[in-house]
Structure formats: structure tokens, C-alpha cells
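*Asks:* Residue numbers (my numbering), protein chains in the order written: chain Y, -7 to 351; chain Z, 68 to 1127.
FYI, nobody ran anything at the bench for these hints, they're computed from the structure. Treat the numbers as computed from the prediction; the structure is a model and nothing was measured. Misleading hints may appear alongside valid ones.
As the list claims (entries may be wrong) - In silico DSS-like cross-links for lysine-lysine, where the CA-CA straight-line distance does not exceed 30 Å:
1. Lys(-5)(Y) with Lys278(Z)
2. Lys289(Y) with Lys402(Z)
3. Lys543(Z) with Lys(-6)(Y)
4. Lys619(Z) with Lys402(Z)
5. Lys932(Z) with Lys960(Z)
6. Lys583(Z) with Lys(-6)(Y)
7. Lys(-5)(Y) with Lys402(Z)
8. Lys258(Y) with Lys183(Y)
9. Lys553(Z) with Lys317(Y)
10. Lys550(Z) with Lys96(Y)
What the hints assert, rightly or not - Footprint (simulated), chain Y over chain Z, 3 or more residues, beta carbon under 8 Å:
11. 286 to 295
12. 414 to 428
Backbone N, C-alpha and C define an ideal beta-carbon position, used for all residues, glycine too.
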Amino acid sequence: MKKVKLVLENGMSFTADNFGYEVSRTEISEIIFTTSMSGYQEVITDPSYYKQMVVMTYPIVGNYGLNATDFESSKPYLSALIVNEYTEMYSHADANQSLADYLKEHKVPGLCGLDTRELTNVIRNSGCLRAIIVPIDTEVSSLEADLKAWTYTNHVADVSTKVSYVCPGPNYRVALIDCGCKKHIIQKLSKYGCEIIVMPYNSTSEQILKLDADGVMFSNGPGDPKDVPETIKLFKDLHGKLPIFGICLGHQIFALSMGANTSKMKFGHHSSNHPVKDLDLDTILTTTQNHGYAVDKIDLEAHNLRLTHVSLNDDSVEGIESLDKMSYTVQFHPEGNQGPSHDQLFEKFINRMKEEKNA
Amino acid sequence: MPKNKSIKKVLVIGSGPIVIGQAAEFDYAGVQACLALKEEGIEVVLVNSNPATIMTDTDVADKVYIEPLTIEFLERVIRLEKPDSLLPTLGGQTGLNLALELDSAGILAENNVNLIGVNVDSINKAEDRELFKNLMNELELPIPASTIANTAAEAHAFASEIGFPVIIRPAFTLGGSGGGIANNIEELEKIVTHGLDLSPVTQVLIEQSIKGYKEIEYEVICDNKGQAIVVCNMENIDPVGVHTGDSIVVAPSQTLTDREYHRLRTVSLDIIKALGIAGGCNVQLAQDPNSSQFYIIEVNPRVSRSSALASKATGYPIAKISTLIAIGYNLDEIKNPITKDSSAAVEPALDYVALKFARLPFDKLKTNDNRLSTQMQATGEILAIDTNLEAAFLKAIRSLEVKNKYFAHPKFDKMSIHELSSLVTRATDEQIFQMFAMLRQGFDPLKLAKLTEINKFFVFIYKHIIDIENNLIANKFDIEVLKHAKKYGFADEDIARFWETTEAKVREFRQTSGLKPVYKMIDTCAAEFASSTSYFYSAYASQNESNPESDKQKIVVLGSGPIRIGQGIEFDYATVHCIKEVQANGYEAVVINNNPETVSTDFALADKLYIAPMVKEDVLDIIEHEKPVGVIVQFGGQTAINLCQDLTDCGIKILGTQNADIDRVEDREEFEAGLRKIEVLQPQGKIVNSLEEATLAAQSLEYPVLVRPSFVLGGEAMKIISGEASLVDYFENLDKRYFDKPILVDKYVNGMELEVDAVCDGSTVFIPGLIEHIESSGVHSGDSMAVYPPQRVTAEQAAEVVEITEKIAKEFKVLGLMNIQFIIDNGKVFVIEVNPRASRTVPFLVKTTKHNIVKLATNVILGKKLIDLGIDTKLAPNQKLISVKAPVFSFNKIHMIDNLLGPEMKSTGEVMGTDISFEKALYKAFLASNTVISHKGGVLLTASDTKKASIVPIAKLFSKLGFELYATKSTASYLREHGLKPTVVARISDDSEYTIKDLFAEGKLNYVLNVISNDSRVLADEVTIRNIAISQNIPCFSSIDTVSALLKVLVSQGSMINAI
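Only chain Y is shown next, with the shape it has when bound in the complex (with noise of 0.2 Å):
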């Protein structure tokens, strides 16, 4: 395999092999890892890992190879995947192509055998940082400059669906506004036989409303909430007149339009083991979580929310209420895959939708 060499914006680097997509050069992307230790396939097309490098902690990937069925969109949107041993000899019943060639035929570089937890603990202790992968013979020096200026706020825009579509569907019509959307929020809606129009991220109140909808689900989504201003006023515009139900990028946009604040973490939370406090029913959720900013925790009240659901690890926010009851949102993905899933929170969508349609 050739070799190459990742650079992390505070200088150091580190040489790997590079599997999949060879590369002589990527652009730059902020480098993230992810404690989960299986559903690679679930990580790499995951929409909300757009321009961004993961590193898996787990250190052997590709056991299993990929298979038809969980995908969480049509290609992969991370911008390179790091891990310490790459299985180019998967072994699964179901499986029908291995990861390198996944990722080859959709030009997204691998690398491995480079000592992943060491990169874990830079990326714990300094936050995650921006990166890039160059030729073996680069001076790092030379990428300084442009590691730390380099900045994107264009995600979601380029991610998120250009053209409505609608998933057919029995039962309560939902509007799914699409920042970055993972295909199982679709599946998990479908399967209590929602109808799902599923719309651009920029869309009006006015073409949703338009829609007739029982319901308005705001997805999962790369990048900073704050980058999206047209869709914090489509959440404000929206919240009131009908059940909305946020999910990760969508609980952040919430908070946003209800007038609270989000920060950016240290290094986030990216796992599928991640304990939350569900106030309402006092009990522990594992989670599965993906995200780099939070809902700060002040003056939740004052902006006519309330606490559902609170980080056991580090207290920070973790799912949030109108008092209206209109609008609820997680920060942690209830749709599971990769990791556990917690299908109370779409019933209660669907128990809210079902609730208006009758009153």
C-alpha cells in the first residue's frame, strides 16, 4: 500500500497506508474519531460526517465487508476514514463488496496502520482539529498556514436534498426537512407508516405548510447550527402549528429558534455508547451520538423550554421540550444504526401527530 501522510493543524503528522481511494492530496476537513467499534458502513455514509475525517478507535475494520442494507444514504460523505487495521478479507453471508472498494469506487481515501489511539488522544486533548492528507514527502511546515485559516460553513447546503421526493406511506403525512438526512430516520418513519415528504433544508414555512402534513421531523445534519439561519427561521415559522420532532442538527436548530444558544465542543460526542438521563421517564438511554456542538444548558426556561434529556458523561443537553408541547428534540440519534435505537421517541411523534389530528 502506498504511504502517505496526515497532518494535523497544531504540526504533528503522522505516516499510514492508504487504502481505498488513493490520494495523492485531499482538501482539508476537521478529524474527528468515533468510539463505536462496528457499523463503519452505517459511519461512512452517514451525511453528518460530511467533511470531516473519522478515526475509528476500534482498531480492525472491514470484518464484515458491505452489504445492501445499511446504508444510511446513497454514497459515503466523509472525507477520508482513518483506522488502525483495515480486514481486506471480510467474511459475512451478506456482504457483497469490501470497504476499500467501496470507498475506491467513491474516491474517498483510507488510511491505516498508523497508531489510532495515539491520534484519539491529541484529538481528546486539543480538540478536534483540522487536517489533511499529503504526500509522503511534504513539509509539514508549509501546511501550517492553511490548516488553521481553512474554514467551511456550506454543509448542510450541500448536503441536504436539492428536489422534494416523497417515500409513500398508509398513515401521517410528515414533512422530513433534510439537513443531511440518515436513510434509517426515513425507515424508522416508514415503518409506523408515515407518508414522507422529505424537503430541501432551505424550504418556506409557507411550502411546508402547503403540504398538509400531520407532522414536520427535522433530520440529523453536518456543521454548525448557526450556519443555517434560513432553517432556524423554518423551524420558528413552523414550531406551534404542528408536531415537529428534531433529531441531532434538527434538536440544535430548535434551540436556536427558540432563541438559545449552541457552542461548539472539545471534541464532541461520536459514539454509540453514550449514556443519557431521560428526565421524563428517569431512566438511562444508551445512545448513539454524532455531534460537535451542543445546546448550551443556561436559560433553557427562558426561552419557553424545558430539559427531556441530559448527558450522564458531561451534563451537557441532550433532548429539550417547548413548554407548548409542540416541539421536542434529541440531541442523540433514536433511529439507531449504527448503534442502539429508542423507538419511543418516534411514537411519541407519531402519539403527537395522531393527538392533533384529533383535537
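Put chain Z on the given structure of chain Y with help from the hints.
*Replies:* Here is chain Z on its own, set in the frame of chain Y:
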């Protein structure tokens, strides 16, 4: 819910002696539980019959009872101590069953004791086949279909309903004999007909076969609120059909998609919640490799062997958290003790692979059937950790303490593919070597996966190891190839073989190239949170996380590796105490070990713990990294002692007895010369190289003689020979490999055996007490019963033993612990063996004499003198109470060729009985070792001709006590000659209507006495008799001395009826 404040005093039941399937993991769990309870201010009462456990130390529990684990004794403890609660989930199946019995007998209710951590209902639901089936149906979870058939027609009907293959198990046959797998109607017909025939109740169990499915386990924890998490999931590399305790197991699972992982995870959590278990639980599932179908295999509603493994594999202390839950806490109220910061409700994330290999006992317990099956046979296990599987596999084989330290096996590597193909289809302890041999010869990995039903993912890993091996062979002293090989776990020693050079040269080449391992932390969270756990494994990677800098001086303590016959939990006991004392002396204790079951690998114990193979390279790398002031080897059994030479050669300072002195003890000639010099008697002996020389030697020494190969351990291939014919026999049957080294022929001294463990400080010794063996010499010391204080030793003899001990200590410059075995014959004291290290009897002595000689020895090793430690006597005065140690065997788990006791050790564990009289102590020891004591019934007596005289007094006593005597023809007539009236019974092989077998079947026998001389040819009949006795749990004795001890008990408990 916070802590339940009504819990003030808790009774904890241990798991008793070490047997196959129930080993040191329950000491580890029990210690964690007791300490957690004490930290919470709760008083702990502990009952366990096993003295070789840390949990029975008085600083672990407030009150420790070393008593037989029976309802009667537990009830007395309960009445005496009045605990308010009983925690039953940490003592294995033994503890759990006892708790259930106490409950159903009404004893718990009567004494107001609450079961905590579990309720009877949930145990029943998990363990009762029918209730479990119902629960699974309720939860709509699939279990393999099964039914009971009393006729072939019923079997047909079931098989045609669920389809083939099906498993047939005849009811109530020994070891499931007569069972099998039927793939079609014809096979079904044949097996069922035969099975119904064999079954005493004409009944077979027919079960849907899920053989070849992936076996997956989930370790789950649930709290009082029904909040549950998965601590760890594990994939068995051997498919369903091999007991998980014998399988190679990897954590986390490797071949499950996330969807499958979470499907099974959800199911496991649903089960623990439905069962209502508050604490740890193990769920075993089977996943079809070819579809999404899965089945629940079984649930263990308690802390298990797997949970100890999961604790060590993840860093998450399951027993501790389970205990906190049992006293009322919930997961969100407990901090993760590893990170100290994150919540205990976090499911651990691993960033390495943890691999378990089972240590099987077939090297010691000779069997002609080494197949692995649903009955666990392993005595112990090892854990190997790395960031890739290849390295984990190679570390595992180095850790296993078997002959081959690499996946090469001279026998199999010489075989043809054809021969290997027929062998490799059977799961055995040798299968992995056969697989490597085939891959080495170029066999297709995919075909191999098909043949073995082992997932091709793992076969590819093996293939990768072979590829690297070939690459090494083709590229000698190539640094890039070396780097690659080291990353994937190859040892310098293996590489030296491929490079046709020495290990030292490879090491030098490696080190001059700057290639050395780093140490990675096990932190439960894959580095997501900063952690300061000092729990490490090695990897050839870039960042080192084990900072060798310290304010304190460091001492490395070597552990004892996997538990196997001859090296049990006793050595972990000694290791743990050494670690504590090293710390108490102001040093930092660094532990190296690889046994996941033990207390010594509890990351909370030492200052630093390394999970590593106990071989030169891995240990030396750690020592060079840590730079300790010295290494202590004498508590880790033979594993640690074996490293002493290599470490010394590399200039590492050994603390305690030096390698040169250990060598002098182990080298026979130097040892003999040493003893002669200090005028200590030993049985005369000769060194021979052929049968001719042996014959001459035996003649001059006079029979009986003790014959054995040199440079072997634990009485391997040792035999007592009473005549020339037997000697010829011995030589003809001795494994060829032993002839590389001389054979030793010693005069067999038959006398009373004594055992001494002494602490030696260079100028004087301290002996906490003498241990007297109940069986005379000839039975391995590990298999014999023993008593403290001695019952037959005179003051003069004791004084002589002390004097000899001191002389030996000085002559061989022993510093620390030493074990000597003596024989007293006709008033003469002979030395038969000296071990310059901690021995198996150390914990028994610590418990009985109250002198912690490990602590003393550690202080001596660290430079203190005995006198400064308050020891001013050479032999401690005897305690008032009498303690008897009894061995415990696991014969019922293994199809052995023969289970007769002899110079080779066969027991797996021990128990202790203590009381005010010898008889009472004996009674407790028998009881604790699960010997069923009957005061009436029948005794079967068989003896070889030379031993017939010896059984007469015993037979008389049995008869006098009212027992019915049964004997085979020749024994019977001998007994008749001596005035007894035994019933003659035909041998099994006799062509007779009524044989010994029928006697067993009718339940007429309560004791079996089968006394034969050690060199008798093994008769099939006798083996069968012993096997039946073992399978029916009828006490079976081969030593007159053991029976005499038993009779002492019977006499003391019964009244003699004499007509006047």
C-alpha cells in the same frame, strides 16, 4: 434508588474448591464483592471451604468461615451471625444453588435473611428448562426446538416437523453416551433406537441442531430500576457445539454487522430485564452465519467465568458494580472506577482485541478422547490483548504454558494434507495446530473454513500469520519485514527459528534498529476520556502510555499464568500477598500475568498491571521499560521460576533466592552432593540411560523403586516399580521423548510424608507449622490429604526436620520461601524434594497457623531479617485447632483413561476442614470435598494380590460398623480366610447374569475401595468400576490410608455395638 440502608450485614457464599468449570474467577468476584460491601460500611460474613482464596483472608471479609459448603453449615453460620441479607450471585453455580436450597428449606425466611441481587423466581426462570422456554415464548424469542421422545415414532414426528439435522441425547446416560446428530431419517432411526435402548428410562431428548452457528455472548448488567447495559460482547471462534469455556473467544465480536450486534444486544437486555435480575448476567446466543436467524442458547443469572473475562477484557469491574446494585444503587449513581469520571452506565468501548484461550488438562489427565464438546474440560485460561488479531493469537499461544509456543507442531507439520483433513474436522485442543499445518502446506483457507466450520475471517487471520512466516523465511535480517512481523505479534524466538539464528541476535538486531513495543492503556472508553488506570498491554505502535517514571522504586512481581493441574490458585494467593507487601514496604508493585480469572490481574490491586505472555521476551521488554530495582519470581510457581535463568542471564536482578542456587536445587547431582555435604539423608538413587542400567540399579537399590524421567515437573511419568517385569513394562511404554535425558531410579521409601514451608532469611529459618500427609508416600503431595498440626510426628522428629530445613536453607542460600518434602521411615528422616519457591501448601498454612509466610518472605526478600520481623522461633508452636486439607478432583468432567491416584498429580483444587479434633476436621474435609459420607450400606472391595493383606483390617472395621461387604472372587476368598463374610460379585467382564455393574445400578454401594499397586497393569474392569463410582458420586478410594481416615470419621460419629 440510593443505597438500601436496611442492609447492614451480608452473607457471601464462595464457590468452594477449584473444579473444572468453577475456578479462580469466583475468588476474583468474591473479593471485589466483599471489598465493595465493606467500603459501603456493610459488615461481611463469608463462607467458603477453599483456603487457597484471597476472599477467605480476614482483611477481605469481617468474619470468615472456612467450612463445608452445605446447608447444615450455612444454617449454623446464619444462626450465629444473623446477617440481614444473602448475596448469592458471586459464588458460581455452587453459591447460587446453596442460596436456593436455603430459601426453599425456609431457613432464610426463618432467620429474616433477604436474598439480594437476585430473586428465586428469576433464578428459576433462567435455569429451569421449561420455565425458560415459557419466558422465551412470552418474549417471542427463538430457542432451538426440542422435545422428549419415548418412542422412535415420536422422534420421527418431531424431526419431520422441524427438519434435519437434529441432536439426540439419551436421558440419564453417562456423559451423554449414545447420543449423536442425525442428518436424515435413517440416521435418526439408528441413533434413537440405540439411545432408547441405553437410557434407563427409555427416553431421548431430541433437539434442533444449531451446530456450526456463531456462538455469541453478551455480558449484561441490570440495576434495580431495570436500567441495563452491555459490558462486553464476545464471539466464540469455535462454533456452537464447543463449550464457551473451552473455545477460543474474542472480545468484541468480529464478524457481526452492527445490525446483528444490536439485534442480539437488544435481545440480551430484554432478557435480563424480563428476568428481573439486579446485577450481572451472561446471555449466550447462536447466530446463523448464513441468515438473520438467531437463537437463545442459555442465560446464567449470576456473575460467571465469562464475566471475569469480560471484566479483564474491558476494564469494567462487573462483580463490584453488581454488588453495589445488589445493595440498592443504580447504574447512574455509580461512577466508573476506571475513569473515575464517567458513569458506570457507559457501555465500555474497546480499542483493542482481547482473546481468550482455554488451558486444557490433557497433558496431565490422560485421555484417549481430546474432543471438545458441550462439557467444559479446561482448567484455566489466558488473556491476550493487542490491536490486531494476529498478534493476539501469537501472544495467546505464548501465554498458554503448553509445549508449543508458536503455531507449529512437529507431529502435524509432518502429516500429509490427506491425514490432516480427516483430523481437522474435529474440535480438539490440537485443531488449531492442524489448521496451521494445513495452511503451511498451502491448503485453501476457504476449504479449511468449510471443513472446520470456523468462520473464514479467523482462518484468514491464521493464513496471514503463515504469510508473514514465509516472508520472514525469505527475508532474513530485513528490518521492514521484521517491523511488520513484530507488529503482528511474532516473537523474537520464532523469528530466530525462521532466520536460523539465535533469539539473542534477533533481539539485538531489533533493538539496534530501535524497534521495541509500547504499552497501551486499557481504559473502558477507547481514550474518549482521560484515564489514569495502570492497566496495560504491549503493541508495536507509536505512542507509549505507560510512564516508567516514578517517585518510588519499583519491583516487578511475576504471576503464575493459567491455572492448570499442578499450578493452581495457590500461586495467585501468594502473588497477591507479595504484591501487597511490596507496596507496604514503600515500593511500587508492577505485576505481569496473563490469567484473567485471578485476583492478581485485578487492575485495582498493583500499581501497574501488564497482561502479557510469561516468556522471556515479553517479560524482559516490560522490565527494560519499567527499570525496577529487582524482580520477584518465587511466588508465581514454575511459570515464574522458569524465567529466572533468562532474566539472570540478561543481568536482571532477582530478589530472593538466586538463580544459581535454584539451579543447584534442581540439578540432581549438585543437589545430592549438597545434601551429602550437610549430612542429610535422601533415598538412594541412580541415574540410568537404558533398561539394562535400570535393571542393575534397581537390583542394587532393591525393589520397590521409584522411576521417573529427569527434568520433568509434577511427577510426570513417575512410577513406583515393585519388580523387574514392571520395570520392563515401564521402559517399553515410556514416551520416546523422555529418553533424551537420563532416567532416574530411586529407592522407594514408604513412610509418613511431611511437608514444610519455611521462610529463610539467609541466617535462620521460620517454619509456621509442619504438615503431615495422611496417605503414605506414593501419592502426589497435591493429591493427598494432609493435616496440621501433625498427628504422628514426635518432638524429636520435628526437631530434626527443623534442623534439616535450616541446614538446607543455608547450604542452598535460600532467601524467601522454600518447600521441602520429607519421608519418615523407621524413625529416619529423608528429604525427597526441595522447591526453592512458594508451594501449593502456603495458603493452607497461612489459614491454619495464622502466620502469613508470604508477607514474611516478601519482607525477607526485601532485606529484612526474621528477628526484626518479630520472629524469634524456628518452628511456631502448634495451634489448638486441627485442620485437614483434602484434594478435589474433576474426574467427572473428563473421559479419562484412568483416574487412579499415583505420583502424577490429578486434583484440581482443595478444601479445608478445621475443628477441635482430628476426626471432626477429617469429617469436614471429606464433606467439603463433596465426599458423600454414609453410615450404612455396602462397600465394594477389590485389591491386587500384593495389597490384599492391607485391606483386611479395613474390611473388618466396615463389617463391624454394619456395612455389607462385596468383593470380587479372589479378594472375597482372601477375606473369607480372615474370617469375613463378603458377598462375592462377578467382575464386569465376567460372563455373568449379575456383575458389579448391577450392584451399582441397584444403588447398593456406598463406598468403593480399589487398592492396586502402582505398577499393576491397568485392568479395563477396574477403570470401569472407578468411572461408574465417579459418575454416581460414590466415594472411590485407592489408598488404604484415605479409607482409614474415613473410618476414623465413621467410628467417631457412630456408636460401636458390641454384644457383651
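*Asks:* Look at each hint and say if it fits the structure.
*Replies:* Each hint tested on the structure:
no.: 1; hint: Lys(-5)(Y) with Lys278(Z); in the structure: 44 Å, violated
no.: 2; hint: Lys289(Y) with Lys402(Z); in the structure: 23 Å, holds
no.: 3; hint: Lys543(Z) with Lys(-6)(Y); in the structure: 24 Å, holds
no.: 4; hint: Lys619(Z) with Lys402(Z); in the structure: 29 Å, holds
no.: 5; hint: Lys932(Z) with Lys960(Z); in the structure: 47 Å, violated
no.: 6; hint: Lys583(Z) with Lys(-6)(Y); in the structure: 24 Å, holds
no.: 7; hint: Lys(-5)(Y) with Lys402(Z); in the structure: 42 Å, violated
no.: 8; hint: Lys258(Y) with Lys183(Y); in the structure: 36 Å, violated
no.: 9; hint: Lys553(Z) with Lys317(Y); in the structure: 60 Å, violated
no.: 10; hint: Lys550(Z) with Lys96(Y); in the structure: 28 Å, holds
no.: 11; hint: 286 to 295; in the structure: holds (count 3)
no.: 12; hint: 414 to 428; in the structure: holds (count 7)
This entry does not satisfy hints 1, 5, 7, 8 and 9, going by the numbered hints stated previously.
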